[in-house]
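Participant: Counting from 1, one number per residue, gives the positions in the sequence shown under the numbering used here.
Derived from the structure by calculation, the hints contain no laboratory data. Mixed in with the good hints, there may be bad ones.
Derived pair list, reagent style DSS-like, types lysine-lysine, alpha-carbon separation capped at 30 Å [claimed, not checked]:
hint, residue 1, residue 2
1, 5, 84
2, 122, 34
3, 151, 53
4, 29, 177
5, 29, 121
6, 34, 187
7, 5, 121
8, 121, 34
9, 121, 202
10, 202, 187
11, 202, 5
12, 176, 29
13, 177, 187
14, 29, 187
15, 206, 29
16, 29, 202
17, 5, 176
18, 177, 121
19, 122, 202
20, 206, 84
21, 29, 5
22, 176, 121
23, 84, 34
24, 202, 84
25, 147, 53
26, 29, 209
27, 122, 209
28, 176, 202
29, 122, 206
30, 84, 151
31, 122, 29
32, 34, 5
33, 209, 34
If you anchor each label on the Cβ, the simulated ranges turn out as follows [unchecked claim]:
hint, residue 1, residue 2, range
34, 144, 180, 23 to 29 Å
35, 177, 55, 32 to 38 Å
36, 139, 178, 24 to 30 Å
37, 33, 53, 41 to 47 Å
Everything numeric in this text was worked out from a predicted model, so none of it was measured. C-beta atoms are modelled at their ideal positions from N, C-alpha and C, and glycine is treated no differently.
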Amino acid sequence: MDNKKQPLFVIICGGSGSGKTTFTNLVLKNINNKFTSQLISLDNFYIPVPDEKLPGYNFDSPNALNWDMIVNAINDLMNGDSTKIPNYDFTTHNYTSYNTVNPTDLIVIEGIFSLQNEMLKKLANLTVYLDVPDDERFIRRLSRDIKERNKPAQENIDQWRNTVIQAHYLYVDPFKKQVDMIFPWTKISETAIDACAGAITKLLEKNIK
1 MDNKKQPLFV
11 IICGGSGSGK
21 TTFTNLVLKN
31 INNKFTSQLI
41 SLDNFYIPVP
51 DEKLPGYNFD
61 SPNALNWDMI
71 VNAINDLMNG
81 DSTKIPNYDF
91 TTHNYTSYNT
101 VNPTDLIVIE
111 GIFSLQNEML
121 KKLANLTVYL
131 DVPDDERFIR
141 RLSRDIKERN
151 KPAQENIDQW
161 RNTVIQAHYL
171 YVDPFKKQVD
181 MIFPWTKISE
191 TAIDACAGAI
201 TKLLEKNIK
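Sequences are here, hints too, so could you generate the full structure?
Facilitator: What follows is the structure, encoded as structure tokens:
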């Protein structure tokens with residue numbers, strides 16, 4: 001970026017149903033509005049899957065995501081360029097459209113596998129992990145998928161047992177020992193929101209000096 005510092009880049013990680021989107025939106029609301037921000041969800045970068053490949057397809061693996069597209073999008077924004085972000089439909093398992101996203105002072109990416117990519121981790125100024133018990137995450141996931149994704153309860157239960165919980169302890173949980181900040185998020189905590197927003201704000205203030 002010409003005569004301009006790179007945006008601040010924050011990664012927020014946590015298992016399925018840990019409340020990453022809710023937490024991130026609350027944190028962003030508590031950051032001074034003089035800073036512009038952009039929230040990017042890894043959920044939009046799942047690789048489209050044709051109907052004939054859906055039976056037995058494993059969505060609970062980092063390989064289910066289009067990492068080239070993710071890294072390119074973040075690099076574009078970090079370099080001061082606009083980029084395209086797909087909208088992924090979890091009922092059709094395909095992209096429905098693309099949104100143009102412009103550079104901002106703060107870029108936050110959240111997702112289950114958001115700490116899997118070494119290039120993204122190296123770019124990050126701050127990494128955050130939400131630590132939530134398995135039973136609470138399962139209840140949240142079940143409720144969300146029935147209401148928002150039209151997924152039958154038994155299908156959700158089977159997926160949790162067969163792939164979700166194993167993937168969590170293989171690909172997600174180990175990273176909570178490596179992040180800058182870790183928060184329990186069983187219920188909304190003003191203390192956690194204030195602490196995270198304060199840390200980001202401090203980094204933003206430092207970044208513009």
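Participant: Each hint: holds or not?
Facilitator: Quick rundown of the hints versus the structure:
| no. | hint | result |
| --- | --- | --- |
| 1 | 5 x 84 | 22 Å, holds |
| 2 | 122 x 34 | 26 Å, holds |
| 3 | 151 x 53 | 17 Å, holds |
| 4 | 29 x 177 | 27 Å, holds |
| 5 | 29 x 121 | 24 Å, holds |
| 6 | 34 x 187 | 29 Å, holds |
| 7 | 5 x 121 | 19 Å, holds |
| 8 | 121 x 34 | 26 Å, holds |
| 9 | 121 x 202 | 20 Å, holds |
| 10 | 202 x 187 | 25 Å, holds |
| 11 | 202 x 5 | 15 Å, holds |
| 12 | 176 x 29 | 24 Å, holds |
| 13 | 177 x 187 | 22 Å, holds |
| 14 | 29 x 187 | 18 Å, holds |
| 15 | 206 x 29 | 20 Å, holds |
| 16 | 29 x 202 | 15 Å, holds |
| 17 | 5 x 176 | 29 Å, holds |
| 18 | 177 x 121 | 14 Å, holds |
| 19 | 122 x 202 | 20 Å, holds |
| 20 | 206 x 84 | 29 Å, holds |
| 21 | 29 x 5 | 23 Å, holds |
| 22 | 176 x 121 | 13 Å, holds |
| 23 | 84 x 34 | 24 Å, holds |
| 24 | 202 x 84 | 29 Å, holds |
| 25 | 147 x 53 | 24 Å, holds |
| 26 | 29 x 209 | 23 Å, holds |
| 27 | 122 x 209 | 22 Å, holds |
| 28 | 176 x 202 | 22 Å, holds |
| 29 | 122 x 206 | 19 Å, holds |
| 30 | 84 x 151 | 28 Å, holds |
| 31 | 122 x 29 | 26 Å, holds |
| 32 | 34 x 5 | 16 Å, holds |
| 33 | 209 x 34 | 14 Å, holds |
| 34 | 144 x 180: 23 to 29 Å | 27 Å, holds |
| 35 | 177 x 55: 32 to 38 Å | 36 Å, holds |
| 36 | 139 x 178: 24 to 30 Å | 27 Å, holds |
| 37 | 33 x 53: 41 to 47 Å | 44 Å, holds |
When held up to the earlier numbered hints, the structure conflicts with none and fits them all.
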